[in-house]
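Chains as they are written, first to last, in numbering that gives the first Met the number 0: chain A, 0 to 286; chain B, 0 to 283; chain C, 0 to 262.
For the record, the hints were derived by calculation from the structure and aren't laboratory data. Only a predicted model underlies this, so the values are computations on that prediction, with no experimental measurement involved. Check each hint, because a few of them may be wrong.
No farther apart than 30 Å at their CA atoms in a straight line, the calculated lysine-lysine pairs in the DSS-like style are these [said to hold, decoys possible]:
#1 B:7 <-> B:193
#2 C:175 <-> A:77
#3 B:280 <-> A:282
Residue strings, one per chain:
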Amino acid sequence: MEEIIKVENLTHTYGVGTPFERSAVEGMSLSVYRGELLGLIGHTGSGKSTLIQHLNGLLRPTAGRVLLDGQDIWAEPKKIRDVRFRVGLVFQYPEYQLFEETAYRDIAFGPTNMGLSGEELDRRVRDAARFAGLDERLLDKSPFTLSGGQKRRVAIAGVIAMEPEVLVLDEPSAGLDPRGREELLEHIRAYHRERGNTVVLVSHSMEEIARYADRIVVLARGRTLMSGTPREVFSRGSELVRAGLDVPQATRVAMELQKRGLAIDPAVYTVEDLAAALLALRKGGGC
Amino acid sequence: MSTMIETKDLSYTYPGGEGTAATLALDGVTLSIARGSFVVVLGHNGSGKSTFAKTLNAVLLPGGGTVWVDGMDTKNEALLLEIRRRVGMVFQNPDNQIVANVVEEDVAFAPENLGVPTAEIRQRVDDALEAVGMTEFTLHAPHLLSGGQKQRIAIAGVLAMLPECIVLDEATAMLDPMGRREVLNVIEGLHREKDVTVVLITHHMNEAEHADRVIVMDDGHVAMDGTPREVFSRAEELRALGLAVPDTVALLRELKANGLDVPTDAITVSDCADAIMDAMKQHA
Amino acid sequence: MLKDITLGQYFPGDTLAHRLDPRTKLLAVVCYIVAIFSCHTLWAYGTMALTLAVAARISKVSARALFRGLRPVLFIITFTAVLNLFYTPGETLWTWWVLRVTREGLYTALAMVTRITLLITGTFLLTYTTSPIRLTDGLESLLAPLKKLRVPVHELAMMMSIALRFIPTLIEETDKIMSAQKARGADFESGGLIRRAKALIPLLVPLFISAFRRADELATAMECRCYHGGEGRTKLHVLHFAARDYAVLAFYIVLAAAIVALG
Numbered sequence: 000m001e002e003i004i005k006v007e008n009l010t011h012t013y014g015v016g017t018p019f020e021r022s023a024v025e026g027m028s029l030s031v032y033r034g035e036l037l038g039l040i041g042h043t044g045s046g047k048s049t050l051i052q053h054l055n056g057l058l059r060p061t062a063g064r065v066l067l068d069g070q071d072i073w074a075e076p077k078k079i080r081d082v083r084f085r086v087g088l089v090f091q092y093p094e095y096q097l098f099e100e101t102a103y104r105d106i107a108f109g110p111t112n113m114g115l116s117g118e119e120l121d122r123r124v125r126d127a128a129r130f131a132g133l134d135e136r137l138l139d140k141s142p143f144t145l146s147g148g149q150k151r152r153v154a155i156a157g158v159i160a161m162e163p164e165v166l167v168l169d170e171p172s173a174g175l176d177p178r179g180r181e182e183l184l185e186h187i188r189a190y191h192r193e194r195g196n197t198v199v200l201v202s203h204s205m206e207e208i209a210r211y212a213d214r215i216v217v218l219a220r221g222r223t224l225m226s227g228t229p230r231e232v233f234s235r236g237s238e239l240v241r242a243g244l245d246v247p248q249a250t251r252v253a254m255e256l257q258k259r260g261l262a263i264d265p266a267v268y269t270v271e272d273l274a275a276a277l278l279a280l281r282k283g284g285g286c
Numbered sequence: 000m001s002t003m004i005e006t007k008d009l010s011y012t013y014p015g016g017e018g019t020a021a022t023l024a025l026d027g028v029t030l031s032i033a034r035g036s037f038v039v040v041l042g043h044n045g046s047g048k049s050t051f052a053k054t055l056n057a058v059l060l061p062g063g064g065t066v067w068v069d070g071m072d073t074k075n076e077a078l079l080l081e082i083r084r085r086v087g088m089v090f091q092n093p094d095n096q097i098v099a100n101v102v103e104e105d106v107a108f109a110p111e112n113l114g115v116p117t118a119e120i121r122q123r124v125d126d127a128l129e130a131v132g133m134t135e136f137t138l139h140a141p142h143l144l145s146g147g148q149k150q151r152i153a154i155a156g157v158l159a160m161l162p163e164c165i166v167l168d169e170a171t172a173m174l175d176p177m178g179r180r181e182v183l184n185v186i187e188g189l190h191r192e193k194d195v196t197v198v199l200i201t202h203h204m205n206e207a208e209h210a211d212r213v214i215v216m217d218d219g220h221v222a223m224d225g226t227p228r229e230v231f232s233r234a235e236e237l238r239a240l241g242l243a244v245p246d247t248v249a250l251l252r253e254l255k256a257n258g259l260d261v262p263t264d265a266i267t268v269s270d271c272a273d274a275i276m277d278a279m280k281q282h283a
Numbered sequence: 000m001l002k003d004i005t006l007g008q009y010f011p012g013d014t015l016a017h018r019l020d021p022r023t024k025l026l027a028v029v030c031y032i033v034a035i036f037s038c039h040t041l042w043a044y045g046t047m048a049l050t051l052a053v054a055a056r057i058s059k060v061s062a063r064a065l066f067r068g069l070r071p072v073l074f075i076i077t078f079t080a081v082l083n084l085f086y087t088p089g090e091t092l093w094t095w096w097v098l099r100v101t102r103e104g105l106y107t108a109l110a111m112v113t114r115i116t117l118l119i120t121g122t123f124l125l126t127y128t129t130s131p132i133r134l135t136d137g138l139e140s141l142l143a144p145l146k147k148l149r150v151p152v153h154e155l156a157m158m159m160s161i162a163l164r165f166i167p168t169l170i171e172e173t174d175k176i177m178s179a180q181k182a183r184g185a186d187f188e189s190g191g192l193i194r195r196a197k198a199l200i201p202l203l204v205p206l207f208i209s210a211f212r213r214a215d216e217l218a219t220a221m222e223c224r225c226y227h228g229g230e231g232r233t234k235l236h237v238l239h240f241a242a243r244d245y246a247v248l249a250f251y252i253v254l255a256a257a258i259v260a261l262g
């Protein structure tokens, strides 16, 4: 697989020379492969917010490098804006960044900054709105009259409209109710499948990551703790728990069953897989 | 058990603004919440659950019907302070409910407003911070704390009023799993040890695990009301209301559908594992 | 970075300076300011600088932290210095093209820079060692006599302490919104004045909306905690003067008197 982003030995120190000096990221390395849907987990303070702001050059490494398509993104600091168009970053609670008079114009902000106009701009805005699951009729409304979930979609569409090669979303479903979460994540998955673009999904929710990611990178205390397929990662459930992270509820049930003497693989991470494993076990009489 | 809060035919309408219609957020809610109970209110966004919470201590006054706190009508302005003292409220955004720059001074805010003598304020602040496990942060600046810690400070700020009931209006929605667990542990501790009545508004199903009672709201009505086991056994209805059952219940239902004889109402991970073990043994 | 602004920031600690009654510190700062404006000799400036250095040492505030507070006003300081340097008439020291530096100009410029620096770092020392709530408590108590003239002293003090409480939060928020807009290609750093002002719209609109939302939620949260104005309010920390307060106050009064008389 081809690496689209490679982070090498990244270190970032905040507040150099103040009483609040601290390293949020220390010697972190990881790869993002072209076309994958990567899940990034780590609790608050693991360095994930700092990391993702390095991926599009919002922060500059104190030490180490970030490579995009093999090129150091800081090779030519004057061209850093181009990197931001290629790696689109959706912040947490992105609805708080909306400012335009209509949803349409807000979505057009990014592509306009890229110098686009006319038909191409219009196409991008409409495509992005569709990918984010935003009803076309809402485009002419003021974003401030929309519901919380709709505002969130406008904000996400605003980044998708730049048609970035890599889309990074920080907790896109935070604060939404169960139906809102599921709908939004399904739209992101559909975008990933249809466009074939690389997506990095940052989330606290293990269930969400387990369900949607092809591959998972776990961060803890400013470093990469582990990476691999969901199965590989969740098979190390007790390590995750030690790092202050959750494991999916299905994995927790499997771990409990194993503790109670059932011969089950605790690396299952979805309800469907666990049910299937249990039913197979019953058929085999493996109790 | 005596009644802590009672509502009768409670309704509330948000006035419409320019170009937006007025919305009926609560429509004839009649409920009574027992003293010392732990009630979880579930519902999707816009179901009216937050509006309901805000009527419980007179932040919003009923548009129709009545709310009584300990028998006091919330519309009686003379009783306003006493009602708010008895029913403390913790909100969603931890940053927007902390008033002071130092933890202890923030916790002292409510007793100061109530005119409590200085020596007693000190005692209440220390007790409240101990109850939420934040004693070591007494002199810290709140904006440097984590989300979970900020919410614990907010809870301490409410505890310093010596309330009889605490309402948490989606107080865990903006927290990460660790912060959420911190807050829930504190709340469960207060309920268990200090007999505080708890009304927890949320859309995280797992938070209903330890509740005595679950109320599901939809479209301004009470759609379901019962013990967590009763409510979560009605998975299809929950789904139709835009909610989900906890994964443990989903797993048991899936097993049952495929012929394994398990109960479908075990909510906690360990109850769920026990139920599966029993069924597997029986089968063997 | 915006995060480096230290305006109104409090560094918790337990030094003599932290333990002083806020009223003592406020009155001491008043004396200090009076003294600085009365400085005319090198000796006077030296005494004031020494006073500041000792006070900073006692408060355990580093010189670095103290001078960082100057950053936002660096422009004003430079501007004043340049203006005084070139536009004060007097004995010419050096000329080049239309620029002329005079002895008086050099002296005034140096005096101005010293004065502003001492003034700002001195007041910063106050905010570094006094929590904003104690500071407003002190102000409220000192200004209490004005209540008789129907000045809403309590309300003003409350507004001030809330403003101070939200400064770090709003700075953080500004940073966040700025980053989010930069991620969509916003450019806050290049272009002329008008272009730069226009570029601020995507920052200011969300910031105002958020500030209003916060204000609204905070008001509700305060009401829920039984806030109903200053009437009948008690305090966690009741202000009272201790021996150290009288000593410090006496020192500053003597200092100010001496400088006014001799400096």
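Evaluation of the provided hints:
1. As the CA atoms of residue 7 (chain B) and residue 193 (chain B) are separated by approximately 28 Å, the hinted pair is consistent with the 30 Å bound.
2. Note on residue 175 (chain C) and residue 77 (chain A): the hinted pairing holds, with a Cα-Cα distance of about 22 Å set against a maximum of 30 Å.
3. Simply put, residue 280 (chain B) and residue 282 (chain A) have alpha-carbon atoms about 13 Å apart, close enough for the 30 Å limit, and the pair holds.
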